[in-house]
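Protein chains: 2
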Amino acid sequence: MNIAVAQSGGPTCAINASLLGVFRTGIQYTEIDTVYGSLNGIEGLIYNNLVDLNTVITSDEELELIRQTPSTVLGSCRYKLPQPEDDKAVYETITKNLKDHNIKAFFYIGGNDSMDTVVKLSRYFKNEGEDIKVIGIPKTIDNDLPHTDHTPGFGSAAKYVATTLQEITRDSSVYSAKSVTIVEIMGRDTGWLTASSVLLRANSNSAPHLIYLPEKPFSVSKFLDDVVKMQEKYPSVIVAVSEGVSLSSDEAGEDFTSGKEDIFGHKYLAGVGKALEKIVSREIGCKVRSIELNVMQRCSSHLSSGNDIAEAENIGAAAVKEMMSGKTGVMMTFERLGNKPYNLRIGCVEAEKVANHVKYFPDEWIAENNCDVTHRALEYFLPLIHGEPSIRIKNGLPAHFVLSKEN
Amino acid sequence: MNIAVAQSGGPTCAINASLLGVFRTGIQYTEIDTVYGSLNGIEGLIYNNLVDLNTVITSDEELELIRQTPSTVLGSCRYKLPQPEDDKAVYETITKNLKDHNIKAFFYIGGNDSMDTVVKLSRYFKNEGEDIKVIGIPKTIDNDLPHTDHTPGFGSAAKYVATTLQEITRDSSVYSAKSVTIVEIMGRDTGWLTASSVLLRANSNSAPHLIYLPEKPFSVSKFLDDVVKMQEKYPSVIVAVSEGVSLSSDEAGEDFTSGKEDIFGHKYLAGVGKALEKIVSREIGCKVRSIELNVMQRCSSHLSSGNDIAEAENIGAAAVKEMMSGKTGVMMTFERLGNKPYNLRIGCVEAEKVANHVKYFPDEWIAENNCDVTHRALEYFLPLIHGEPSIRIKNGLPAHFVLSKEN
Chain L
27 MNIAVAQSGG
37 PTCAINASLL
47 GVFRTGIQYT
57 EIDTVYGSLN
67 GIEGLIYNNL
77 VDLNTVITSD
87 EELELIRQTP
97 STVLGSCRYK
107 LPQPEDDKAV
117 YETITKNLKD
127 HNIKAFFYIG
137 GNDSMDTVVK
147 LSRYFKNEGE
157 DIKVIGIPKT
167 IDNDLPHTDH
177 TPGFGSAAKY
187 VATTLQEITR
197 DSSVYSAKSV
207 TIVEIMGRDT
217 GWLTASSVLL
227 RANSNSAPHL
237 IYLPEKPFSV
247 SKFLDDVVKM
257 QEKYPSVIVA
267 VSEGVSLSSD
277 EAGEDFTSGK
287 EDIFGHKYLA
297 GVGKALEKIV
307 SREIGCKVRS
317 IELNVMQRCS
327 SHLSSGNDIA
337 EAENIGAAAV
347 KEMMSGKTGV
357 MMTFERLGNK
367 PYNLRIGCVE
377 AEKVANHVKY
387 FPDEWIAENN
397 CDVTHRALEY
407 FLPLIHGEPS
417 IRIKNGLPAH
427 FVLSKEN
Chain D
27 MNIAVAQSGG
37 PTCAINASLL
47 GVFRTGIQYT
57 EIDTVYGSLN
67 GIEGLIYNNL
77 VDLNTVITSD
87 EELELIRQTP
97 STVLGSCRYK
107 LPQPEDDKAV
117 YETITKNLKD
127 HNIKAFFYIG
137 GNDSMDTVVK
147 LSRYFKNEGE
157 DIKVIGIPKT
167 IDNDLPHTDH
177 TPGFGSAAKY
187 VATTLQEITR
197 DSSVYSAKSV
207 TIVEIMGRDT
217 GWLTASSVLL
227 RANSNSAPHL
237 IYLPEKPFSV
247 SKFLDDVVKM
257 QEKYPSVIVA
267 VSEGVSLSSD
277 EAGEDFTSGK
287 EDIFGHKYLA
297 GVGKALEKIV
307 SREIGCKVRS
317 IELNVMQRCS
327 SHLSSGNDIA
337 EAENIGAAAV
347 KEMMSGKTGV
357 MMTFERLGNK
367 PYNLRIGCVE
377 AEKVANHVKY
387 FPDEWIAENN
397 CDVTHRALEY
407 FLPLIHGEPS
417 IRIKNGLPAH
427 FVLSKEN
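Same order as they appear, the protein sequences are chains L and D.
Just so we're aligned, residue 27 is where the first sequence starts under our numbering, counting upward by one.
Just so we're aligned, residue 27 is where the second sequence starts under our numbering, counting upward by one.
Simulated from the structure, these hints should not be mistaken for laboratory data.
One or more hints might be untrue.
One copy or two, either will do: identical chains are not told apart, so a pair holds if it fits within one copy or between any two.
[As the list claims (entries may be wrong)] Derived BS3-like pairs (lysine-lysine); straight-line CA-CA distance at most 30 Å:
(1) K242 - K259
(2) K248 - K114
(3) K385 - K366
(4) K122 - K204
(5) K204 - K106
(6) K130 - K304
(7) K248 - K420
(8) K420 - K366
(9) K204 - K304
(10) K114 - K242
(11) K304 - K255
(12) K259 - K420
(13) K366 - K259
Given the sequences, and given the hints that come with them, work out the whole structure.
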């Protein structure tokens, strides 16, 4: 028999490590002949774009390069499967392509939308009596999947955010004049990544002085009060704000047009950070700068977390073992057994308990003033950014693996 | 006798290494008793804010931390000295404070404005018959100082830009749909840092597909033509554009309000990248994203260039030796003796030949189509980003040295 693996949704630094976990474990089973990669997520199963990963990964060196390459070596997609009753043809196409390649299991590495695909596909195969297993492998920098302690990809994103915010803090503190620096961090619905900025406190930084998450209502007037109060203690106030904070338009007026994306997937001109910069400049009048960490949060693999990359590979490997033990329609999960020492157990959960559900940042980890997070949150984040993988350098730059030679 | 050192202008990753060069070499001379640090640049000499660096740097560990800390541990300023004939009082204050501390030499680490200070101060001391020497140590991520092969701080900024642009390229290439990614890079007057994006080609990237520098006129219609042409070859077009490109307002209309800063030092709402994003969205209609690398270009010391940091320390050390040999009113320089092997000679030049002069990116290194740079430029950049300093990590983050405990 053969198996197939695909990557989906927004890129991360760890999604290629999970691919390696599936590949390396898959080829160890004598029952498994070929591990196929499906190009551009589930689209590869629909359009029959499958590559034998043995022909792609031909040496240990390539394997190492894939591990340190950000984004998805097999490409990605945002395709959402219809319900079988609405469009059975696409399911039949997928089934045919899988059967033509004797593929008995499909591993889908992705976030919430991908788990929806895992649920639909596995249910369809069961109903049709097809012996094809479907396993979800979590991945998202948003860390918003339920039933898992955290998601692969999040630790590296948090390490990038904290490292960069610490450097921005140094940069912002050189002049004697008062200033405000507003850093906009990804997370449209949940504040996990923005909250991880609290990691700076582990190294005696007072920054970030204010942290705003989408889980709490945001008020412009309270924000201005918070900033002015902080300026009494700190000449350079550092603000970490989630792109997803929502505020009433009557309060913000034209300054604010939300961090939401338009149909082309790009943001409206004024994101949260830029809007708050304008407001601080007008209402407080001090030096102010806004910084959007943008896609660097999800692709800066030169700064990835050693724990994150190792866990991503391990959870990919465990997915193959679960499949071999008969599981289908599940998503792999992490359970944290302890912090000292940090210890994880890998398990799995019904994918339908994850798909289309969101895990919000816990209310009890948000400080009472709604503009900070607690020490308990810091303890949760710390092990996730631990460890620095050694990176192969070529000509002063990290060496990358590129499947297509187009870019 | 004693000496003093100060840091000025915009932060870089290498300016603290130059400070160490002055400090470590200064304390080796038996003639020199104390190396003072002047807080917030020249302002420290005016307001008598001087610290004995021996009381600040008390161990080898602190020394190492300073070397890997971005920005300026002694603070910075944007203060421009008046002409002595316009305001002699400030010169008299500086002279008094220096003499009160028996300071016979002042080292100013900075860019163009700082060299102006070196010229004025050294001239004043000569005219007044004061035996106080003034030496400039170059520093700027802009690389725009004449009479030196390059400036400390530039190599680390170029390494950040190239590393990040390579990761953005991977991130932008995951979907099958056509897209344009516009990366706005610092450099208001010169294109050195934007041009350094060509470093990606050393590692077989086709990106960046288009490079626009402020040294050449920018035309929106030609830009759109360039993008459309590139889209025929590359589904994901990566554009590196300098914040300083200038275009006629009649062509761009309201989309474009220049990358210039206002009196608070922050940018107008729409920078070049955001303006071009809007134009591509409207005129071409494909997926488009703009990314501003912002201050991360100058403060990402977790990614600094080994050569840059070593050279910055060496040029600081050499400055002390030049002073001891009797020099004043000069700026330290690098002369490149060869690329294979890469070999530098440190020298110096009259500071007045640097102050208020700008070194533009060479015309012969810009490709004929005005949207690319040549292989010769790549060869110039390559050694500047070579080497990865080992970074001390604490709690998963680079350890930093902070003089004031305020931030």
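Now for the hints, and whether the structure bears them out:
no.	hint	in the structure
1	K242 - K259	within (25 Å within a copy, 46 Å between copies)
2	K248 - K114	neither (52 Å within a copy, 47 Å between copies)
3	K385 - K366	within (24 Å within a copy, 55 Å between copies)
4	K122 - K204	between (65 Å within a copy, 29 Å between copies)
5	K204 - K106	between (48 Å within a copy, 19 Å between copies)
6	K130 - K304	neither (56 Å within a copy, 46 Å between copies)
7	K248 - K420	neither (49 Å within a copy, 34 Å between copies)
8	K420 - K366	between (37 Å within a copy, 17 Å between copies)
9	K204 - K304	within (16 Å within a copy, 33 Å between copies)
10	K114 - K242	neither (42 Å within a copy, 56 Å between copies)
11	K304 - K255	within (19 Å within a copy, 37 Å between copies)
12	K259 - K420	between (45 Å within a copy, 26 Å between copies)
13	K366 - K259	neither (34 Å within a copy, 53 Å between copies)
This entry does not satisfy hints 2, 6, 7, 10 and 13, going by the numbered hints stated previously.
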